[in-house]
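**Student:** Letter by letter, the chains look like this.
Protein chains: 2
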Amino acid sequence: MNSPLHLYKAEFFKALGHPLRLAILDSLRDGPLSVTKLQEMVQVDQSILSQHLAKLRSFKFVTARREKTTIFYHVHDTDVYIFLDLAKNIYGRQLQLSQDILNQLNTTEHI
Amino acid sequence: MNSPLHLYKAEFFKALGHPLRLAILDSLRDGPLSVTKLQEMVQVDQSILSQHLAKLRSFKFVTARREKTTIFYHVHDTDVYIFLDLAKNIYGRQLQLSQDILNQLNTTEHI
DNA sequence: TTATTATATTAGAATGTTCAAATATAGTAA
DNA sequence: TTACTATATTTGAACATTCTAATATAATAA
Chain A
1 MNSPLHLYKA
11 EFFKALGHPL
21 RLAILDSLRD
31 GPLSVTKLQE
41 MVQVDQSILS
51 QHLAKLRSFK
61 FVTARREKTT
71 IFYHVHDTDV
81 YIFLDLAKNI
91 YGRQLQLSQD
101 ILNQLNTTEH
111 I
Chain B
1 MNSPLHLYKA
11 EFFKALGHPL
21 RLAILDSLRD
31 GPLSVTKLQE
41 MVQVDQSILS
51 QHLAKLRSFK
61 FVTARREKTT
71 IFYHVHDTDV
81 YIFLDLAKNI
91 YGRQLQLSQD
101 ILNQLNTTEH
111 I
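Chains as they are written, first to last, in UniProt numbering: chain A, 1 to 111; chain B, 1 to 111.
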């Protein structure tokens with residue numbers, strides 16, 4: 001157990017396991033954005049945004065480029081979107097199943 | 001920020017963000033296994049294995065079926081492997097990039 | 001019924017992650 | 001140089017996850 005590969009892979013998934021970081025990646029779908037612009041979009045404190053950008057950077061999900069005093073972020077490998085969208089398929093089915101069970105419960109009289 | 005979708009998606013990734021849970025899913029690639037057999041493969045305490053199986057179950061990554069006194073686990077939706085393997089592509093490139101930088105540093109004399 | 005085997009759950013301690021606030025840095029312009 | 005704007009880093013508190021150990025449950029067999 002705890003092969004280096006599983007350890008690294010787990011870190012990779014953890015890096016995606018935060019709502020704000022997912023929101024950041026979604027905000028960058030249509031191209032690079034400055035931190036200020038990102039902040040407007042995701043509506044969090046500057047410091048918090050910066051901390052989460054650091055995490056995304058550390059796994060190379062995003063890359064930063066400076067232009068004068070502004071820093072622009074862009075996704076490093078846009079295939080990550082294929083990956084994120086595929087995730088939707090998987091948990092979509094999981095949710096569907098839960099929903100079906102839920103519906104079944106709701107439409108059953110004797111509860 | 002914090003759309004329910006991002007919240008759920010983050011939980012989904014967190015559920016995959018543990019080396020043991022990834023090892024469990026890998027162990028189940030070739031078909032269902034009993035908890036005892038799984039335990040032999042991943043080499044952890046019974047209680048710990050059970051707790052992680054509970055988490056995988058709660059996100060429907062795995063499903064349990066009882067046969068007499070033995071419980072067999074199997075992956076609920078085998079597409080999860082397509083997903084996990086795609087992850088490898090993404091972080092593989094990330095790692096490659098780091099490796100390249102590292103190599104460059106190592107082969108540069110003036111350091 | 002009791003004992004046994006297989007697995008799950010619970011409670012608290014240990015550890016890790018995130019947040020909030022303050023401070024630091026880096027570039028530019030005056 | 002000083003002041004300003006944009007962004008990053010640090011620190012400790014708040015919160016969440018994981019581990020350990022003990023206990024619970026469920027099925028079976030004796």
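Don't read these hints as lab results, they were simulated from the structure. Glycine included, every Cβ here is placed at the ideal spot set by N, Cα and C. There's no promise every hint is true.
As the list claims (entries may be wrong) - Residues on chain B that point at chain A, a partial pick, calculated with CB under 8 Å: (1) 2; (2) 14; (3) 29; (4) 32; (5) 35; (6) 59; (7) 64; (8) 71; (9) 72; (10) 75; (11) 79; (12) 80; (13) 81; (14) 92; (15) 94.
Said to hold, decoys possible - As a list, the in silico SDA-like pairs of lysine to any residue whose alpha-carbon atoms are at most 20 Å apart: (16) A:14 with A:99; (17) A:88 with B:65; (18) B:37 with B:83; (19) B:55 with A:37; (20) B:88 with A:27; (21) A:55 with B:87; (22) A:55 with A:68; (23) B:60 with A:81; (24) A:55 with A:81; (25) B:14 with B:53; (26) B:60 with B:94; (27) B:88 with B:27; (28) A:88 with B:87; (29) B:60 with A:86; (30) B:55 with A:99; (31) A:88 with B:76; (32) B:60 with A:55; (33) B:14 with A:67; (34) B:14 with A:37; (35) B:14 with B:96; (36) B:55 with A:27; (37) B:60 with B:89; (38) B:60 with B:8; (39) A:60 with A:4; (40) B:60 with B:83.
**Student:** All hints, please: hold or fail.
**Tutor:** Checked hints:
Among the interface hints, the one on residue 2 (chain B) holds; its C-beta lies about 5 Å from the nearest C-beta in chain A, closer than the 8 Å criterion. Restraint check, residue 14 (chain B) versus chain A: the minimum CB separation of about 4 Å is within 8 Å; hint holds. Of the supplied interface hints, the one on residue 29 (chain B) is violated, with its beta-carbon coming no nearer than about 13 Å to a beta-carbon of chain A, more than 8 Å. Annotation: residue 32 (chain B) was flagged as interfacial toward chain A, and the flag is violated, the nearest CB pair being 19 Å apart, outside 8 Å.
Contact between residue 35 (chain B) and chain A, as hinted, is not supported at the beta carbon level, the nearest pair being about 15 Å apart and thus beyond 8 Å. The interface hint given for residue 59 (chain B) is met, as the beta carbon of that residue sits about 6 Å from the closest beta carbon of chain A, less than 8 Å. Hint status for residue 64 (chain B): violated, given a least beta-carbon distance of 15 Å to chain A, over 8 Å. With 8 Å as the threshold, the beta carbon of residue 71 (chain B) stays out of range of chain A, its nearest partner Cβ sitting at about 20 Å, so the hint is violated.
Hint on residue 72 (chain B) is violated. Least Cβ distance to chain A is approximately 19 Å, over the 8 Å limit. Look at residue 75 (chain B): its Cβ only gets to about 11 Å from chain A, farther than 8 Å, so that hint breaks. At its closest, the beta carbon of residue 79 (chain B) sits 6 Å from a beta carbon of chain A; the interface hint therefore holds under the 8 Å criterion. The beta carbon of residue 80 (chain B) comes within 6 Å of a beta carbon in chain A, closer than 8 Å, and the hint placing it at the interface holds.
The beta carbon of residue 81 (chain B) comes no nearer than 10 Å to any beta carbon in chain A, farther than 8 Å, and the hint placing it at the interface is violated. Residue-level restraint check for residue 92 (chain B) is violated (minimum Cβ-Cβ distance to chain A is 10 Å; threshold 8 Å). A cut of 8 Å between beta carbons decides the hint on residue 94 (chain B): the least distance to chain A is about 4 Å, and the hint holds. Proposed proximity of residue 14 (chain A) and residue 99 (chain A) is contradicted: the alpha carbons are some 26 Å apart, above 20 Å.
Between the alpha carbons of residue 88 (chain A) and residue 65 (chain B) the distance comes to roughly 26 Å, so the proposed pair goes past 20 Å and is violated. About 25 Å separates the Cα atoms of residue 37 (chain B) and residue 83 (chain B), which puts this hinted pair outside 20 Å; it is violated. At roughly 37 Å between alpha-carbon atoms, residue 55 (chain B) and residue 37 (chain A) are farther apart than 20 Å, so this suggested pair is violated. Straight-line distance between C-alpha atoms of residue 88 (chain B) and residue 27 (chain A) comes to about 24 Å, which puts the hinted pair past the 20 Å bound.
Between the alpha carbons of residue 55 (chain A) and residue 87 (chain B) the distance comes to roughly 17 Å, so the proposed pair stays at or under 20 Å and holds. For a cut-off of 20 Å, the pair hint linking residue 55 (chain A) to residue 68 (chain A) is broken: about 23 Å separates their Cα positions. Restraint check for residue 60 (chain B) and residue 81 (chain A): the C-alpha separation of about 23 Å exceeds 20 Å, so the hint is violated. Proximity of residue 55 (chain A) to residue 81 (chain A) is assessed by CA-CA distance (about 18 Å); at most 20 Å being required, the pair is judged to hold.
Between residue 14 (chain B) and residue 53 (chain B) the alpha-carbon distance is near 14 Å, which keeps this suggested pair within the 20 Å criterion. Our distance criterion of 20 Å between C-alpha atoms is broken by residue 60 (chain B) and residue 94 (chain B), whose separation comes to about 29 Å. Between residue 88 (chain B) and residue 27 (chain B) the CA atoms are separated by roughly 17 Å; this keeps the pair inside 20 Å, and the hint holds. Between residue 88 (chain A) and residue 87 (chain B) the CA atoms are separated by roughly 14 Å; this keeps the pair inside 20 Å, and the hint holds.
Among the hinted pairs, residue 60 (chain B) with residue 86 (chain A) is consistent with the structure: their alpha-carbon atoms are about 16 Å apart, no more than 20 Å. Note on residue 55 (chain B) and residue 99 (chain A): the hinted pairing holds, with a Cα-Cα distance of about 19 Å set against a maximum of 20 Å. Under the criterion of a C-alpha separation no larger than 20 Å, the hint pairing residue 88 (chain A) with residue 76 (chain B) is consistent with the structure, at around 16 Å. For the hint pairing residue 60 (chain B) with residue 55 (chain A), the CA-to-CA distance comes to about 28 Å; that exceeds 20 Å, so the pair is violated.
Taking the CA atoms of residue 14 (chain B) and residue 67 (chain A), the gap is about 35 Å. The hint is violated against a cut of 20 Å. With a C-alpha separation of about 27 Å, the suggested pairing of residue 14 (chain B) with residue 37 (chain A) is violated against the 20 Å cut-off. Proposed proximity of residue 14 (chain B) and residue 96 (chain B) is contradicted: the alpha carbons are some 24 Å apart, above 20 Å. Using a Cα cut-off of 20 Å, the hinted pair residue 55 (chain B) and residue 27 (chain A) is violated, with the two alpha carbons roughly 30 Å apart.
Among the hinted pairs, residue 60 (chain B) with residue 89 (chain B) is inconsistent with the structure: their alpha-carbon atoms are about 24 Å apart, more than 20 Å. Restraint check for residue 60 (chain B) and residue 8 (chain B): the C-alpha separation of about 13 Å stays at or below 20 Å, so the hint holds. Simply put, residue 60 (chain A) and residue 4 (chain A) have alpha-carbon atoms about 19 Å apart, close enough for the 20 Å limit, and the pair holds. The straight-line distance between the Cα atoms of residue 60 (chain B) and residue 83 (chain B) is roughly 15 Å, inside the 20 Å bound, and the hint therefore holds.
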